[in-house]
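Build the full structure now, drawing on both the sequences and the hints.
Just so you know, the protein sequences line up as chains A and B, in that order. Per our numbering, the very first residue in the first sequence carries number 206; after that it's consecutive. Per our numbering, the very first residue in the second sequence carries number 206; after that it's consecutive.
Among these hints, one or two may not hold up.
As the list claims (entries may be wrong) - Calculated from the model, a selection of chain B residues having no Cβ within reach of chain A, i.e. all distances over 12 Å:
hint: 1; residue: Thr-223
hint: 2; residue: Trp-233
hint: 3; residue: Ala-374
Stated by the list, open to error - Examples of chain B residues lying across from chain A (beta carbon under 8 Å, computed):
hint: 4; residue: Arg-220
hint: 5; residue: Ile-224
hint: 6; residue: Met-230
hint: 7; residue: Met-238
hint: 8; residue: Pro-240
hint: 9; residue: Gln-250
hint: 10; residue: Val-283
hint: 11; residue: His-430
hint: 12; residue: Ala-431
hint: 13; residue: Asp-447
As the list claims (entries may be wrong) - 25 Å max Cα-Cα, derived SDA-like pairs, lysine to any residue:
hint: 14; chain 1: B; residue 1: Lys-683; chain 2: B; residue 2: Asp-645
hint: 15; chain 1: A; residue 1: Lys-316; chain 2: A; residue 2: Ala-581
hint: 16; chain 1: A; residue 1: Lys-316; chain 2: B; residue 2: Arg-429
hint: 17; chain 1: B; residue 1: Lys-316; chain 2: B; residue 2: Pro-332
hint: 18; chain 1: A; residue 1: Lys-316; chain 2: B; residue 2: His-430
hint: 19; chain 1: B; residue 1: Lys-316; chain 2: B; residue 2: Gln-608
These are calculated hints, taken from the structure and not from any lab test. These figures come from a predicted structure and were not determined experimentally. Backbone N, C-alpha and C define an ideal beta-carbon position, used for all residues, glycine too.
There are 2 protein chains.
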Amino acid sequence: MTATAYDHLAARFARIATIGEASAMLGWDAAAMMPPGGAAARGDQLAVLAGLAHEMLIAPEMAVALEAADPGPDPWRVANLALMRHAHRRATALPPDLVEAQARANSACEKVWREARRTADFALVRPYLAEVVGLVRQAAAALAPALGLSPYDALMDGFQRGIGAEDVAPVFAAYEAFLTEALPRAEQRQAAGPAPLRPQGPFPAAAQEALCRRLSARAGLDDRHARLDRSAHPFCGGTPTDIRITTRYDEADFAQSLLGVLHETGHALYERGLPEEWRRQPVGEAAGMAAHESQSLIVEMQACRSDAYLSWLGPELRATFGGDEAAYAPANLARLWRRIGRGFIRVEADEMTYPAHVILRFRLERALVSGDLAVADLPGAWNEAMAAALGITPPDDAQGCLQDIHWYDGAFGYFPSYTLGAMAAAQLMAAARREVSGLDAALGQGDLAPLLGWLRSRLHAQGSRLGFNDLLRAATGKPLDPGDFQAHLRARYLGE
Amino acid sequence: MTATAYDHLAARFARIATIGEASAMLGWDAAAMMPPGGAAARGDQLAVLAGLAHEMLIAPEMAVALEAADPGPDPWRVANLALMRHAHRRATALPPDLVEAQARANSACEKVWREARRTADFALVRPYLAEVVGLVRQAAAALAPALGLSPYDALMDGFQRGIGAEDVAPVFAAYEAFLTEALPRAEQRQAAGPAPLRPQGPFPAAAQEALCRRLSARAGLDDRHARLDRSAHPFCGGTPTDIRITTRYDEADFAQSLLGVLHETGHALYERGLPEEWRRQPVGEAAGMAAHESQSLIVEMQACRSDAYLSWLGPELRATFGGDEAAYAPANLARLWRRIGRGFIRVEADEMTYPAHVILRFRLERALVSGDLAVADLPGAWNEAMAAALGITPPDDAQGCLQDIHWYDGAFGYFPSYTLGAMAAAQLMAAARREVSGLDAALGQGDLAPLLGWLRSRLHAQGSRLGFNDLLRAATGKPLDPGDFQAHLRARYLGE
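See below:
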């Protein structure tokens, strides 16, 4: 009876996951293929599928089955059942009225935000954001007791299990101290070196696309299970056996698409490496957004911007595009693609200052959720924090608190994932270098196979059996330790 | 209460239709985009969505609601409720065990058929086809009383409502008599004229694709609601606001893609013209496969192979591809694309002999369903019928009874749609020519707008309110009348 209850649950969750796969494909299509006239119908299709999956998850017999099921001794089954219960708790903790109110408020706010950002007019979106934040507080208050977490951690948990604000805060404080000391020195060192040469285009989109395909394949992504297409906003979508990467091409600058595709390739390789025997079960999914970001960044930032990889890539690029040899010299590519600087915009930030953008948002969103910060005070608080972090003050809110969609779309607790991912990538890379001989020699041939083999066994194959810190502990022997990321930055930007 | 019951039903059917839209997009993706490694997961996704839609249709409360609903006096609502009940009767008439057995048997048979066709070995697939036919007989026997139709008509009804074998048989017999008389004369006339010149390629795929997009747009298809892509087997998929046409390109011959895209454009224009206020309701769907084929053929065969259209197209083609002017002369294009001949293969047949291929299949499949013909006797019966119809005998079964997938995949009752569509296209074109002034003058400018306007109001906007014969009666004043098709062929091939 109890074993049957577990198997029955597994079949139900597989069905829910299969609906999620259909939604993922339709989401990719909407971004990469759909003619504009299909948008309204597509919205309905996605809403119906999401509604069906939600209904299946919160169905009364699901609660009974979750209670009755016995997973037996296998730790994977134990973890899978725990994740099923966790998903059920999240889905049932929120009253349907609140979910609906959030969907409406987020959608309305996001629309107004586009205009507010365009005109740098925070006042325009302020009442909408206040509504969104009010509902987020209610949701966090409802989730917290159901999950046994603080309200903010209950939000974070929706993006990444296994690490909370109390773990994150000291890590981020330590990084701030590091940055205060290291950033000025790195800037001086950079200023003392030669200025980077920019390769001269145009770089035809078709040639960029062929190059991106080739490098993605060489990084380990197999085109029997993946496609590369174009969309306005690059992303990695699809399903583990049918990955869809997108990018966009600027014919004046190939770096954006090239590095972007390598980034998305990291996400894709993670999905491809998830444990096949747990496909469509909660425990077979990726471990969370921070874990996912660690995989995109270990490929893009750790592997493909390494000296070893650039020494291979430079000649490849020159063979592809022709032109000035000096611009494709590996040392010049390093200067070009590892350039630091203080800027207002997170998505344009280098890897050293990027965490400062995230830390600022982490503090402000915690304060918004707790009620310590009023929405009306957000622009001022933002600008003060930016001045304290990087010594610069945004000229307007479009370059300040209006720059990112996240909050205006109701996403609170997501921002830390970017920096947790960057730090985890450095920690994983350091462990891989210790354990895998010839890793950098292979990178010097454009070959990521040794790194990928290690990541597959240590991380990808774990699915979501472990939360973030436990996953890192299992892979590297310790929970999140910002020291490896700092050591990486010291080596790359200070020559230490 | 009763009005509410109807509205509630309409919402349920809209939800079912929305799931169908999701499936349609995933089906298109599988043919046009999906990397091969995604096939297994895609099969599961489509199966889960089909299962959900089926469950919603056969749910016990659906039967109650269908019984209780009162559509009021509006004839569209009356028709919609009738179609809902019809769909429910079809879905509930078949025992789930039989549906499952059919799915398994069809899939197994279709796989073996591919090998049997390749090796021209009917014996290989014979037991599989016998299983398929046995189950089809059971399904027809279960559907017939539920629908108040004969067993064969119950199968036909699954593809096209509103016409049955007793209507079709005399029409087909009349066509055979016509063909016996007309085909030899048309062949003589053709032989007496000059041989067609074949334009010399290569015709780059990109140029063909651009031309296909341009002609499809000029035929009335708007790219805000449609895409053109490539697939191994051309088709028209998607949804009414997001049509997906596919084709394939042969760089030695542009005619296949060009005429194929015009054919699919006819299907697409029908979907685009369906009544928006009945979107996602049974009455808002296309009227059936024969009605659909009439719309692809009226565009491809009636409009775009007309003298008027070719007089415009010839110079367009020459401007696109360059080369020998004589090959692009409208009279030469007519000789090339309106060439008749007796062949073994249905999909390669001209419009005059095509019905002979269909009539043969109609008779044989009726006999298979009734039990008058044993599967073991199919090859012999086929070859005899082909000899009687066109005076030719297939050299092997690959060019005979193994050529089409339909039966081997369990589709019985579909074949008549092709010829009903061709005849309806001629009947509709004759009516449009009577009622729309300047129709041929517009075709002479490559402009289908006058024809399309007439089709939209007379046919597309009717949705599936009417069955096949009633739809023709409403649009042309009479039920299916093969005379218009014969007159069209006499004019085009005999100069009469």
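Tested hints:
Listed as a non-interface residue, Thr-223(B) fails to keep its Cβ farther than 12 Å from every Cβ of chain A; the least gap is roughly 5 Å. Some Cβ of chain A comes within 12 Å of the Cβ of Trp-233(B); the nearest lies about 9 Å off, and the non-interface call is violated. Consistency note on Ala-374(B): stated as away from chain A, and its beta-carbon is indeed over 12 Å from all of that chain's, at 41 Å minimum. With a cut of 8 Å, the hint placing Arg-220(B) at the interface with chain A holds, because the nearest CB-to-CB distance is about 6 Å.
Evaluation of the Ile-224(B) hint against chain A yields a held restraint, the C-beta minimum of about 6 Å falling below 8 Å. The closest approach between the C-beta of Met-230(B) and any C-beta of chain A is roughly 6 Å, which is under the 8 Å cut-off, so the hint is satisfied. A hinted interface residue such as Met-238(B) counts as satisfied when its beta carbon comes closer than 8 Å to some beta carbon of chain A; here the least separation is about 7 Å, so the hint holds. Residue-level restraint check for Pro-240(B) holds (minimum Cβ-Cβ distance to chain A is 6 Å; threshold 8 Å).
For Gln-250(B), the interface hint holds, since its Cβ comes within 8 Å of a Cβ in chain A; the closest pair sits about 5 Å apart. Here the hint on Val-283(B) is broken, as its CB sits about 26 Å from the closest CB of chain A, past 8 Å. At its closest, the beta carbon of His-430(B) sits 4 Å from a beta carbon of chain A; the interface hint therefore holds under the 8 Å criterion. Interface hint at Ala-431(B): satisfied, since its Cβ lies 6 Å from the closest Cβ of chain A, which is below the 8 Å cut-off.
The criterion of a C-beta within 8 Å of any C-beta in chain A is met by Asp-447(B), whose closest approach is roughly 3 Å, and the hint holds. Between Lys-683(B) and Asp-645(B) the CA atoms are separated by roughly 23 Å; this keeps the pair inside 25 Å, and the hint holds. Distance restraint check for Lys-316(A) and Ala-581(A): the Cα-Cα separation of roughly 19 Å lies within the 25 Å cut-off, and the hinted pair is therefore satisfied. A distance of roughly 22 Å separates the Cα atoms of Lys-316(A) and Arg-429(B); the hinted pair therefore holds under the 25 Å criterion.
Restraint check: the Cα-Cα separation between Lys-316(B) and Pro-332(B) comes to about 13 Å, which is no more than 25 Å; the hinted pair holds. Restraint check for Lys-316(A) and His-430(B): satisfied, since their Cα atoms lie roughly 23 Å apart, inside the 25 Å limit. In summary, the hint linking Lys-316(B) to Gln-608(B) is supported, as the alpha carbons are separated by about 14 Å, within the 25 Å threshold.
Consistency with the previously given hints fails for numbers 1, 2, 10, ordered from lowest to highest.
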